[in-house]
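Asks: First residue of the sequence shown? That's 38 in this note's numbering, and the numbers climb one at a time after it.
Among these hints, one or two may not hold up.
The list that follows gives simulated cross-link-like pairs (lysine-lysine, DSSO-like), each with its CA atoms no further than 30 Å apart [claimed, not checked]:
| no. | residue 1 | residue 2 |
| --- | --- | --- |
| 1 | Lys44 | Lys203 |
| 2 | Lys44 | Lys121 |
| 3 | Lys203 | Lys121 |
What the hints contain is simulated information worked out from the structure, not anything from laboratory work.
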Amino acid sequence: MNFHAIKAIYRFEMARTFRTLGESILSPVLSTSLYFVVFGAAIGSRMGEIDGVSYGAFIIPGLIMLSLLSESISNASFGIYMPKWAGTIYELLSAPVSAMEVVVGYVGAAATKSLMLGLLILATARVFVPYEIAHPFWMLCFLLLTALSFSLFGFIIGLWADDFQKLQVIPLMVVTPLTFLGGAFYSINMLPPVWQKITLFNPVVYLISGFRWSFYGVSDVNVGISAAAILGFLLLCLGTVAWIFHTGWKLKQ
38 MNFHAIKAIY
48 RFEMARTFRT
58 LGESILSPVL
68 STSLYFVVFG
78 AAIGSRMGEI
88 DGVSYGAFII
98 PGLIMLSLLS
108 ESISNASFGI
118 YMPKWAGTIY
128 ELLSAPVSAM
138 EVVVGYVGAA
148 ATKSLMLGLL
158 ILATARVFVP
168 YEIAHPFWML
178 CFLLLTALSF
188 SLFGFIIGLW
198 ADDFQKLQVI
208 PLMVVTPLTF
218 LGGAFYSINM
228 LPPVWQKITL
238 FNPVVYLISG
248 FRWSFYGVSD
258 VNVGISAAAI
268 LGFLLLCLGT
278 VAWIFHTGWK
288 LKQ
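All chains, please: the whole structure from these sequences, using the hints.
Replies: What follows is the structure, given as structure tokens:
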């Protein structure tokens with residue numbers, strides 16, 4: 038494996054992030070802080086506890102997951118799409134770099150940026166809402182697995198997209214609604230029985246539930262199922278990327 042190539046791609050993507058620090062990091066943190074102000078400090082102080090957790094603290098895992106999913110997809114899809122759009126992808130194609138090394142470089146950088154963002158939002162939440170983390174190791178595991186899997190998913194979207202509109206379709210029309218309806222702001226146990234069963238078909242429910250369990254030891258679904266769901270999605274994305282390159286799909290397309 039060409040580690041120099043991976044390092045070059047990774048460093049280039051990370052350098053782009055720090056050149057656009059306001060858009061890449063500060064903007065998502067500030068927008069999420071508004072949720073903490075409105076839902077955590079203002080509305081949360083007037084609401085009761087959910088599963089023994091104050092409402093302001095209860096929504097922290099959901100808000101982190103909301104930002105993590107959207108930013109992981111955005112970072113990875115934009116990272117691989119821009120060279121295609123600008124034509125600089127031919128420099129990469131002419132270099133002695135394999136498809137695996139391209140994936141590791143771009144996805145690794147996107148996941149790193151998402152992890153940085155998630156940890157910054159977690160630190161920012163402390164300003165507005167007091168909270169505790171019952172299982173910090175598992176919290177980091179869920180954070181890492183989610184960042185990796187959705188960065189891979191974003192990479193696939195970047196390969197598929199042939200214009201800027203397609204980069205936004207799935208994050209805005211699919212992922213964001215599923216996150217809002219996946220228990221980011223409420224427990225699915227608060228829903229009527231019929232809707233509880235329907236909500237279980239939403240894959241984001243398992244991500245948020247497992248992540249919330251790592252904070253407070255409470256979850257809407259079994260934490261083992263949550264872990265299996267995120268691992269399954271990661272393997273599915275890995276298999277899809279492998280299939281794309283195995284079938285001869287070219288980056289320049």
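Asks: All hints, please: hold or fail.
Replies: So, going through the hints one by one against the coordinates:
1. The straight-line distance between the Cα atoms of Lys44 and Lys203 is roughly 29 Å, inside the 30 Å bound, and the hint therefore holds.
2. Taking the CA atoms of Lys44 and Lys121, the gap is about 20 Å. The hint holds against a cut of 30 Å.
3. Proposed proximity of Lys203 and Lys121 is supported: the alpha carbons are some 14 Å apart, at most 30 Å.
Consistency note: the structure conflicts with none of the earlier hints.
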